[in-house]
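K.L.:
Sequence:
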Amino acid sequence: MSVPGPATGRPRAPLRVGNASGFYGDRFDALTEMLTGGPLDVLTGDYLAELTMLILGRDRLKDPGRGWAKTFLRQLEDGLGLARERGVTLVTNAGGLNPAALADAVRELSERVGVPARVAHVEGDDLLERGGWGEGVLTANAYLGGAGIAACLRAGADVVVTGRVADAALVSGCAAAHFGWTDDDRDRLAGAVVAGHVLECGTQATGGNYAFFVRDGIDVRHPGFPLAEIAADGSSVVTKHPGTGGAVTVGTVTAQLLYETAGPRYPGPDVTARLDTVRLAQEGPDRVRIEGARGEPRPGTLKVGLTRLGGFRNAVTFVLTGLDVEAKAALVREQMEAAFARAGTRRPREVSWNLVRTGRPDADVQEEAGALLRLVVRDADENVVGRAVSAPAVELALASYPGFHVTAPPARPAPYGVFEAAYVPAEGVPHVAVLPDGTRADVSFPACAPTTAPVDSTPRAGPGSGPGPHLVPSPTRRAPLGLVAGARSGDKGASANIGVWARDADPEIHDWLRATLTVARLRQLLPETAGLEITRHELPNLAALNFIVDGILGEGVASQHRFDPQAKALGEWLRSRHLDIPEVFLP
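In this text, residue positions in the sequence shown follow my numbering: the first is 2, and each later residue adds one.
Quick caveat, the hints were computed from the structure, so don't treat them as lab data. Among the hints, erroneous ones may be present.
[As the list claims (entries may be wrong)] Computed spacing ranges between beta-carbons, pair by pair: (1) E109 x R361: 29 to 37 Å; (2) D79 x D217: 29 to 37 Å; (3) R28 x R87: 35 to 43 Å; (4) E284 x G244: 15 to 23 Å; (5) R375 x D217: 34 to 42 Å; (6) D382 x R87: 32 to 40 Å; (7) A328 x R28: 41 to 49 Å; (8) K71 x K569: 47 to 55 Å; (9) T408 x L587: 35 to 43 Å; (10) F564 x A381: 17 to 25 Å; (11) W354 x R28: 31 to 39 Å; (12) G218 x R361: 42 to 50 Å.
Think of the CB as a built atom: it goes at the ideal place given N, C-alpha and C, for glycine as much as any other residue.
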């Protein structure tokens, strides 16, 4: 990777940044595939998520030397040699809670396999020892920016290991080092942050989890991982290596841009990127240009992700078959509640019942004649949700409704976690780059950056106030929303976002969506959102709406509040709902 110097000035060649991991557990061979599939300057890997930090926190409790993603080190057994042969720099947040330990392990591996590598790492995000986070907090990590990564690369690092940085910082830090950008290069940094957001979830940018994969005929059996060619002005082209599966289209990039975002402003530790200024264009097969991103000053605070053990969870799923499903469900509930009252322990703190009617009348297949009754219990005391739940569930086997059985034998209680977000002044958080020679470079924020006024995301004609300028009334037909709109959803702490965009970025469909898909209509289509706060944002350049549903995930993904605990399928549920759609838009 080239970095600017006194003799060369700012390099003009685009920086080719690839991604080989979107989460801890992603495709193991991706690192090798990306290194051998085509030219790259930098290969990044994102291993961290809210749930991952809890997993690593539990690892660290067992062994203080742990707390990092072991997969990355195994990938380097072959990958380090390939990277050095091809001159590709590796940048990853696999350091998790212990980036220094992973950096040491990479150095040991380098010596063992005989591949010299200059290894650096970034630290300062771990704020657990600062205290004041409340009882039972297991991890407390600030989302750092790309400054530490940039400092390591400018010092000649071949491998950079970080802890908790903002996902997009893996890319923005590399671009800042390559082009010599400073904090004042806000539009350029914003462009790199947008590119980083597209890359961070791996194959979600190349057709994975894409709403229109059937209609568009995208082969997603083995999609290739994405890369971005980032230019000196911050614009980029998202693509993938030749001959790999999947596809890169305006649609696949739009879907990823909407993933786990909120309003027009996308605040981060490097810059606040204005998503409402971003423009996409299909430049060629599997090539989408991203340009127009505007940047504003970064917030004066940093987000801190807090995880703690929330207690213990147990679950039993009863199968109800054939007739009298409601009566059978009522019998089981009454029997289990009576067992809780008789138990030597108190009733679990949380007891939830959910009847899922999956069956149909006169079914030819037994499974299609059934319904599922889910019992989920939670409590801080393991004993309260242990045998006190599993024993009475088993004892009902010969003494309850006809056809009694469960999907699996009751198991031991499992611990669950809770994620919370806090915010601290950015200038009070240490941000240190430990360079390949061991030098410690302090790149902490010198002072609080100015804040900006809220964006007015009120729709152009007011939410649901009537047809937009392009909308012509026409006969309607009852049909699934997904025939005319794509969606992608995901988790953000206890909340979820649902990004919805007009098929093919059609302006008339977009205007119809703006007029039709109000907050009130969303509540009608998704009754589980009743009583929850919902905010709607508009992104006209993407022909999109973005909804934030607060509290739908309870205490976060680790608490498994819903059967879809990360809200990954919330958007697909919305697309499956029927409403009156103008026939002119329908296939």
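K.L.:
For each hint, tell me whether it holds in the structure or not.
P.N.:
So, going through the hints one by one against the coordinates:
| no. | hint | in the structure |
| --- | --- | --- |
| 1 | E109 x R361: 29 to 37 Å | 59 Å, violated |
| 2 | D79 x D217: 29 to 37 Å | 34 Å, holds |
| 3 | R28 x R87: 35 to 43 Å | 19 Å, violated |
| 4 | E284 x G244: 15 to 23 Å | 19 Å, holds |
| 5 | R375 x D217: 34 to 42 Å | 35 Å, holds |
| 6 | D382 x R87: 32 to 40 Å | 55 Å, violated |
| 7 | A328 x R28: 41 to 49 Å | 47 Å, holds |
| 8 | K71 x K569: 47 to 55 Å | 25 Å, violated |
| 9 | T408 x L587: 35 to 43 Å | 38 Å, holds |
| 10 | F564 x A381: 17 to 25 Å | 23 Å, holds |
| 11 | W354 x R28: 31 to 39 Å | 38 Å, holds |
| 12 | G218 x R361: 42 to 50 Å | 31 Å, violated |
When held up to the earlier numbered hints, the structure conflicts with 1, 3, 6, 8, 12 and fits the remainder.
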